[in-house]
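Engineer: Based on the provided sequences and hints, a complete structural model is requested.
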Amino acid sequence: MTKEKKSKPSKELPLGFVDRQEKELLVRDFIISNIKEVMIKYGFQYLETPSFEYSDSIGKFLPDKDRPDEGVFSFKDENKWLSLRYDLTAPLARYVAKNFLEIPKPFKRYQLGTVWRNEKPGPGRFREFLQFDADFVGTKNLQADAELCVMISEILEKCGLRRLEYSIKISSRKITEELFKKINLNDDSQKLTTLRALDKIDRLGWNGVKELLGEGRRDKSGDFTKGANLTSRNIEIIEDEFKKKKPETQDLIDLIKIFKDYNFSNFEFDPTIIRGLEYYTGVIFEVDLKFDVKNNKGQVIQFGSIGGGGRYDNLVNNFGNYDAPATGISIGLDRLVFALMQKKEFKVKQTKPVVICVFDKNSMKKYINLQTLLRKAGISSEIYPGENKLKKQMEYANKIKSPAVILFGDDEIKLGKPTLRNLFSGKEKPVEIKELVNEIKKII
RNA sequence: GCAGCAGUAGCUCAGUUGGUUAGAGCACUAGUUUGUGGAACUAGGGGUCGGUGGUUCGAAUCCACCCUGCUGUACCA
Numbered sequence: 001m002t003k004e005k006k007s008k009p010s011k012e013l014p015l016g017f018v019d020r021q022e023k024e025l026l027v028r029d030f031i032i033s034n035i036k037e038v039m040i041k042y043g044f045q046y047l048e049t050p051s052f053e054y055s056d057s058i059g060k061f062l063p064d065k066d067r068p069d070e071g072v073f074s075f076k077d078e079n080k081w082l083s084l085r086y087d088l089t090a091p092l093a094r095y096v097a098k099n100f101l102e103i104p105k106p107f108k109r110y111q112l113g114t115v116w117r118n119e120k121p122g123p124g125r126f127r128e129f130l131q132f133d134a135d136f137v138g139t140k141n142l143q144a145d146a147e148l149c150v151m152i153s154e155i156l157e158k159c160g161l162r163r164l165e166y167s168i169k170i171s172s173r174k175i176t177e178e179l180f181k182k183i184n185l186n187d188d189s190q191k192l193t194t195l196r197a198l199d200k201i202d203r204l205g206w207n208g209v210k211e212l213l214g215e216g217r218r219d220k221s222g223d224f225t226k227g228a229n230l231t232s233r234n235i236e237i238i239e240d241e242f243k244k245k246k247p248e249t250q251d252l253i254d255l256i257k258i259f260k261d262y263n264f265s266n267f268e269f270d271p272t273i274i275r276g277l278e279y280y281t282g283v284i285f286e287v288d289l290k291f292d293v294k295n296n297k298g299q300v301i302q303f304g305s306i307g308g309g310g311r312y313d314n315l316v317n318n319f320g321n322y323d324a325p326a327t328g329i330s331i332g333l334d335r336l337v338f339a340l341m342q343k344k345e346f347k348v349k350q351t352k353p354v355v356i357c358v359f360d361k362n363s364m365k366k367y368i369n370l371q372t373l374l375r376k377a378g379i380s381s382e383i384y385p386g387e388n389k390l391k392k393q394m395e396y397a398n399k400i401k402s403p404a405v406i407l408f409g410d411d412e413i414k415l416g417k418p419t420l421r422n423l424f425s426g427k428e429k430p431v432e433i434k435e436l437v438n439e440i441k442k443i444i
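Taking the working numbering, the leading residue of the first sequence gets 1, the next gets one more, and so forth.
Calculated from the structure, these hints are not laboratory results. Incorrect hints may appear among the rest.
[What the hints assert, rightly or not] Quick list of in silico lysine-lysine cross-link-like pairs, PhoX-like style, CA-CA up to 25 Å: (1) K140 / K174; (2) K23 / K349; (3) K200 / K169; (4) K210 / K243; (5) K182 / K243.
[Unchecked claim] Derived CB-CB ranges, DEER-like: (6) D202 / G71: 18 to 26 Å; (7) N99 / E241: 39 to 47 Å; (8) E248 / K290: 23 to 31 Å.
Backbone N, C-alpha and C define an ideal beta-carbon position, used for all residues, glycine too.
Structural biologist: Structure representation (structure tokens):
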């Protein structure tokens, strides 16, 4: 090694990226297997699109900027900008536009995939995360929207949630559209600010939202956010409209009727859900968890939704002249995993190998024979993967939470009977090789 | 991005009004019967006190700038 101080490579992870460990991954696998089962039952087809897309295909144009990296990760490849996908909907629209003539209409597909966002991460929010999406493309029928809600509900219950522990909130972009007509609001940026303000009711309450609809709001840290500058009369009208308990737009009335036909009642009308501002055109919905979620310090945090979706009738049209109204749902799987792992009764089985201890390298063939015997019987097992004293081998077995170790040293070999030690109870006994599999099965 | 707070061992933190070789618990390593884990005991390794510059006889401690993190806020297709 050179004497000069070399700057060492960093062990830290990039902001917003995390290592995920087995326990979490097993919960995720469990959820994914439930999703796949339900998707097959509902007749969706499985699709995978690449992580990268051309930036302009997924809605990032910005020709005047050096890098199109507002919110997305991008790089230049042979003079063309590529971006890591930030959701699965934009790639779907691209896929449908590209393969429009070949695919069935309507087109139903589901997809699981990692997406990336170049934004500031928050509690439970990362810059890389796994999404699950299911969409209907090419139908205006609200039966599709209804079915998505019924379906996600079935997935959640398969994952062990009870009816009271989650709820589907529904609303429609038509409500705000009509509201804007009513108060004669035409300025696009004012509309956008209004929507953004209304989206914050759950967090700021009506008082905070009214400040944002008016001149603006100063937050706890003293930072000031400019408001939409609506008149106080218009703010009143909006508040009245938003406090109505029953939907009045035709799409929601129709949707609820279909819910009835499905016998589906675990939804609530909530005009304050806004969702993505740019592309939704009609019915929107959000999946909320109703139980407390804690952070790693044990504090209850405002967890918010684990996903949502709605109708986006114009997204595919952006690529050409195909008329493909669509509706879809996306679920943030990592958030769902995080929430499920907090439920006490929720456990997934982690299978750990029986450890065969090594006394003498010359007896390796005997250890391999035992290992083969166990593995043939479907028992997870390993020969201690190192060279160490028995004490170290025991410590290793304990550390990996192995259920049992097999001791096959000189004494046992003479008798032809390995010693089986149960690591939960600490008890051990000699066992005939023929009986080994059965005895281990009693332990695990 | 804006704002507030913070940064001392792998982790959680202590470090008195600036004063010698910077500490604890947990974790780690090695031992306490060279064939036995989870407990206990003994010993040990590990820190340019986030970085750079400044003030001072002397800085983890004071000042400036930078970096990083947390929280709020904004954006979030």
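Engineer: It remains to establish, for every hint, whether it holds in the given structure.
Structural biologist: So, going through the hints one by one against the coordinates:
no.: 1; hint: K140 / K174; in the structure: holds (15 Å)
no.: 2; hint: K23 / K349; in the structure: holds (9 Å)
no.: 3; hint: K200 / K169; in the structure: holds (15 Å)
no.: 4; hint: K210 / K243; in the structure: holds (13 Å)
no.: 5; hint: K182 / K243; in the structure: holds (16 Å)
no.: 6; hint: D202 / G71: 18 to 26 Å; in the structure: holds (23 Å)
no.: 7; hint: N99 / E241: 39 to 47 Å; in the structure: holds (42 Å)
no.: 8; hint: E248 / K290: 23 to 31 Å; in the structure: holds (26 Å)
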